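**Student:** Throw the hints in and build the complete structure from the sequences for me.
Listed below are the residues making up each chain.
Protein chains: 2
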Amino acid sequence: MKLENVLPADIERRSFEIIESELPHEIDSSVKSVVKRVIHTTADFDYADNMRFSDGVIQIIKNAVKNGADIVTDTQMARSGINKKRLKKFGGEVFCFMSDEDVAAAAKANGTTRAAASMEKAAGLGRDVIFAIGNAPTALIKLYELMEQGKIKPVAIIGVPVGFVNVVQAKELIMTADAPYIVSRGRKGGSNVAAAICNALIYDLDSGA
Amino acid sequence: MKLENVLPADIERRSFEIIESELPHEIDSSVKSVVKRVIHTTADFDYADNMRFSDGVIQIIKNAVKNGADIVTDTQMARSGINKKRLKKFGGEVFCFMSDEDVAAAAKANGTTRAAASMEKAAGLGRDVIFAIGNAPTALIKLYELMEQGKIKPVAIIGVPVGFVNVVQAKELIMTADAPYIVSRGRKGGSNVAAAICNALIYDLDSGA
Numbered sequence: 176m177k178l179e180n181v182l183p184a185d186i187e188r189r190s191f192e193i194i195e196s197e198l199p200h201e202i203d204s205s206v207k208s209v210v211k212r213v214i215h216t217t218a219d220f221d222y223a224d225n226m227r228f229s230d231g232v233i234q235i236i237k238n239a240v241k242n243g244a245d246i247v248t249d250t251q252m253a254r255s256g257i258n259k260k261r262l263k264k265f266g267g268e269v270f271c272f273m274s275d276e277d278v279a280a281a282a283k284a285n286g287t288t289r290a291a292a293s294m295e296k297a298a299g300l301g302r303d304v305i306f307a308i309g310n311a312p313t314a315l316i317k318l319y320e321l322m323e324q325g326k327i328k329p330v331a332i333i334g335v336p337v338g339f340v341n342v343v344q345a346k347e348l349i350m351t352a353d354a355p356y357i358v359s360r361g362r363k364g365g366s367n368v369a370a371a372i373c374n375a376l377i378y379d380l381d382s383g384a
Numbered sequence: 176m177k178l179e180n181v182l183p184a185d186i187e188r189r190s191f192e193i194i195e196s197e198l199p200h201e202i203d204s205s206v207k208s209v210v211k212r213v214i215h216t217t218a219d220f221d222y223a224d225n226m227r228f229s230d231g232v233i234q235i236i237k238n239a240v241k242n243g244a245d246i247v248t249d250t251q252m253a254r255s256g257i258n259k260k261r262l263k264k265f266g267g268e269v270f271c272f273m274s275d276e277d278v279a280a281a282a283k284a285n286g287t288t289r290a291a292a293s294m295e296k297a298a299g300l301g302r303d304v305i306f307a308i309g310n311a312p313t314a315l316i317k318l319y320e321l322m323e324q325g326k327i328k329p330v331a332i333i334g335v336p337v338g339f340v341n342v343v344q345a346k347e348l349i350m351t352a353d354a355p356y357i358v359s360r361g362r363k364g365g366s367n368v369a370a371a372i373c374n375a376l377i378y379d380l381d382s383g384a
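Taken in sequence, the protein lines are chains D and G.
Position one of the first sequence corresponds to residue 176 (this note's numbering), numbered consecutively onward.
Position one of the second sequence corresponds to residue 176 (this note's numbering), numbered consecutively onward.
Don't read these hints as lab results, they were simulated from the structure.
Quantities reported herein were computed from a predicted structural model and do not represent experimental measurements.
Careful: at least some of the hints might be erroneous.
Note that identical chains are pooled: a pair holds if it fits in a single copy or bridges any two copies.
When the alpha-carbon atoms are kept at most 30 Å apart in a straight line, the in silico DSS-like pairs for lysine-lysine are as follows [unchecked claim]:
hint	residue 1	residue 2
1	K211	K260
2	K177	K328
3	K211	K263
4	K211	K283
5	K260	K283
6	K296	K259
7	K328	K260
**Tutor:** Here it is, written out as structure tokens:
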């Protein structure tokens, strides 16, 4: 099997050409760069079908990022995958509270997950926050509760946890909350998917798209 | 849709029960914990079919970890996802050289990728290294070349890059090299998959499995 002769700088461009040519159907142009970057990250064309976007969410997130909004993730891995340098250009930062001692203590005291406890901590930030949840359905459920209680008003929720227990349900729930969302319906998702969605929007913005 | 009432501590156990019950066919017991953890990380049962293991690779990696071998990744995200605390129990560390300035400079000077340059840097470590490659096919190609030149002798190569350009070819190539391997054949893989494979082996070892 022969290697394709592609310069390092051209690998990404060539990859996106291949993805474009293999899309199973047309994707709405407003969300296409997000869907394609998720497929680029997973090589899984299921994402051409399972992603749901609330009305105007792309523009809402882009405007918020432009105005310096922060991103809160539920894993260090998602935090690690987001291009923090390019986000910083707009003034935003990426936070993950999962390893914080106070979060571990609160989770233990309340018999909940660290992910849920870290959402409570994020609610106390008092800043414009985009949530990027790639792992814990309990984070989405806690965000739903905090919104119901009027304790938090997220800019938007990127709800793409992966898994087998309460993942499907938590995503359906978050789509009924009063917040803009991007969701991968079903079991699939992940920290890599959450990071890819954030990066697609940051890159679009940074390149003026 | 009703939430399943599962205690935080039981979510992982319950998830693995579901995965076990939905496996499309029997998986060899020697590699089953790895395959199941990859499915746990991706919710993608394609991994029940696309993974390839060289003879004895599981035991080779476990023995090396037990003796303090290090892991080198090709992304900060994979590094972030590996359970470094539990690896440290055995004496090993996880390195990723992708953000190092000397690696960026070497890549630029040689017209190659930072991933390839970071493999060259790893070759200079002079330690027992398990490579966990979840992103860059160029890292696998460089490892192949370094082995051909006798400049490196990896403990094993976890070769699971994801993508569309030279990914399939690089994985096929690395399976012909003189090193134990775990590979996800085809386009699929990722930093999350690389980390999941490492963690499955570390957890098995740590629990005495």
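**Student:** For each hint given before, does the structure comply? Return the numbers of the non-compliant ones in rising order.
**Tutor:** The structure breaks none of the hints.
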